[in-house]
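Participant: One-letter residues, chain by chain:
2 protein chains.
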Amino acid sequence: MPFSVLILGAGSATPVLNRHPSSQLLTYESENFLIDCGEGTQFRLLENKVRPGKLKGIFISHLHGDHYFGLIGLLSSLNLGGRTEDLLLFGPKGLDEVLTLQFKYSQTPLQFRILYTPTDTSASTLLYEHPCFNVYTIPLSHRIPCAGFLFQEKPHKRKLIKEKITDAIPFDYLRQLKNGEDIYDEGGNLQYSVAEYTLPAPPPRSYAYCSDTRYDESIIPIIRGASLLYHEATFQDDLAHQASTRFHSTAREAATIAQKANIGQLLIGHFSSRYKEVDTFLTEAQSVFRNTHIAEEGVTFNIPSTPSTDVSLLPDT
Amino acid sequence: MPFSVLILGAGSATPVLNRHPSSQLLTYESENFLIDCGEGTQFRLLENKVRPGKLKGIFISHLHGDHYFGLIGLLSSLNLGGRTEDLLLFGPKGLDEVLTLQFKYSQTPLQFRILYTPTDTSASTLLYEHPCFNVYTIPLSHRIPCAGFLFQEKPHKRKLIKEKITDAIPFDYLRQLKNGEDIYDEGGNLQYSVAEYTLPAPPPRSYAYCSDTRYDESIIPIIRGASLLYHEATFQDDLAHQASTRFHSTAREAATIAQKANIGQLLIGHFSSRYKEVDTFLTEAQSVFRNTHIAEEGVTFNIPSTPSTDVSLLPDT
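Sequence order for the protein chains is C and U.
Here my numbering is used: the first residue of the first sequence is 32, the next is one more, and so on.
Here my numbering is used: the first residue of the second sequence is 32, the next is one more, and so on.
Chain C extracted, bound-state conformation:
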């Protein structure tokens, strides 16, 4: 079951030519969801040969422009492209008001419905239930109401051992075995055991997206053990104080969160435009949490199904 995230933009607020404002495309099986939608995101989708018409839903973390100014353009283009299918939209209170006003003045009659759910930016709550995964908000510590998103895959069923399965076993029994239920005959004797006929289910995968936030350990219990974490890293150690006063994080802080939350793999991005080279972000983060990668634009990261194997360099305090 493919579960991946394509980085469309991982720049910060100041516009530069070599990075784009925040946006990521989350793919689960064949379904696409957008996470944040900075200015120009619809062009990033085109560049990456993603058909925007296939988007099922959009998650907006907060209403700073570099995270959502591309949304109205994308929605307008979806409409122009003839979309009629409902679109899910999640974001802080006020997002609907902004969109409604813009559609009013462009006199755009929308041919599809936008099913909007405001996000709870003050507590981690279940935001959306998909047949295969749940999405929870991650309250972040930023200048304005802001919530990241935890995409938590639902537990898989156990896997049948093909070699052991014969036509003699009724279909209902197979279903029960996959659900971890032993099968007993009428006399109460064990007929088919879960242990013999199935393999353990692969561990559920999860992706935590933490866009703009100050270092905040209160998110750790929410994201604990996530397979993949994207955490912003706007600054480096040299500007740690500035990171704090501006409600942003350093690369070291992002890595510390990953280490303390026992994350499988860390992606960092949202680098301040004042830094011309990004390698130093990686060095700083990897000194704390080795399994760190740059959220490089145009790159797809698979959400790993293996649990964390990172041996952190910092003790878990």
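Just so you know, these hints were derived from the structure itself, not from any lab.
A couple of the hints might just be wrong.
When chains are identical, the list treats them as one kind, so a pair holds in a single copy or across two.
[To be verified] When the alpha-carbon atoms are kept at most 25 Å apart in a straight line, the in silico DMTMM-like pairs for lysine to aspartate or glutamate are as follows:
#1 K209 <-> E160
#2 K80 <-> E328
#3 K307 <-> E327
#4 K188 <-> D213
#5 K188 <-> D268
#6 K124 <-> D216
#7 K87 <-> E60
#8 K80 <-> E308
#9 K87 <-> E160
#10 K85 <-> E116
#11 K188 <-> E62
Could you slot chain U onto chain C? The hints should help.
Facilitator: Just chain U, lined up with the frame of chain C:
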């Protein structure tokens, strides 16, 4: 006195990768003004090495997204960049409301003032008076309130003939001569004649910007004799009917307006994304009005000071 327009974007509403939404940079001497501001315009400014901080004013023709969705991002970046200087903003009623709402939710305290003037989209009125030029609205025939802009240079003074000017001529006399006033001595005899000491002033230049509009001859008296006209040409002859019902123009119609209005030079753009080649637009327009050019992105067009020399192929009916 440099007077030019740089094409930043000349695509139409459907997003494509090889064209960008509408935006142009008008430069008069050393001052910059933006005309329309489609999504991504701030990145086009960067690409063209234009410092957005130096913008004096922004003119928005109408509130369809491909003409203004880049505005809020640009204004946010100007603020982030530390701008404190007032910014002039012109556009249809409602534009201020959209911006105010977005700034409210991003909790952005603006460090500069936006001096907003709503445009009159129903009649041609004086919108802005600059020391060197006036800007008038050009009511356009589109699906929503829409006005183009006529940048009309003020008459120049006559030019002094350097070789004839000596220190003996008082400064006040020079000023009078440049204003076209002959100088008489106390006895009423002609002392310095305008004809002898000056050359005629160069004709004032003008630029007419007609973004989205159906073919509409009512604009002809407003733009008559303009040095340079940008007129949209979304379709070609094959889709003339569609052009009309969608409130857009064909290349032939744009050229017919130019021909009938005795324009000096015509730029066409806003081509529908269904046409992969733009040369056919040019051929179609040039069959009516020879001095037509494609509004190619990244190209600067000088506003010519010479009057129209185009020999049109159609009779002026």
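Participant: Next, verify each hint and record whether it holds.
Facilitator: Going through the hints against the structure:
1. K209 <-> E160: within (22 Å within a copy, 77 Å between copies)
2. K80 <-> E328: Both: 14 Å inside a copy, 23 Å across copies.
3. K307 <-> E327: Within one copy only: 14 Å inside a chain, 31 Å across chains, cut-off 25 Å.
4. K188 <-> D213: within (14 Å within a copy, 100 Å between copies)
5. K188 <-> D268: neither (44 Å within a copy, 61 Å between copies)
6. K124 <-> D216: neither (56 Å within a copy, 77 Å between copies)
7. K87 <-> E60: within (12 Å within a copy, 50 Å between copies)
8. K80 <-> E308: Between. Shortest inter-copy distance 21 Å satisfies the 25 Å Cα cut-off; intra-copy 28 Å does not.
9. K87 <-> E160: within (13 Å within a copy, 49 Å between copies)
10. K85 <-> E116: within (9 Å within a copy, 44 Å between copies)
11. K188 <-> E62: Classified as within; 21 Å inside a copy, 67 Å across copies.
The structure fails to meet hints 5, 6 from the earlier list, while all remaining hints are met.
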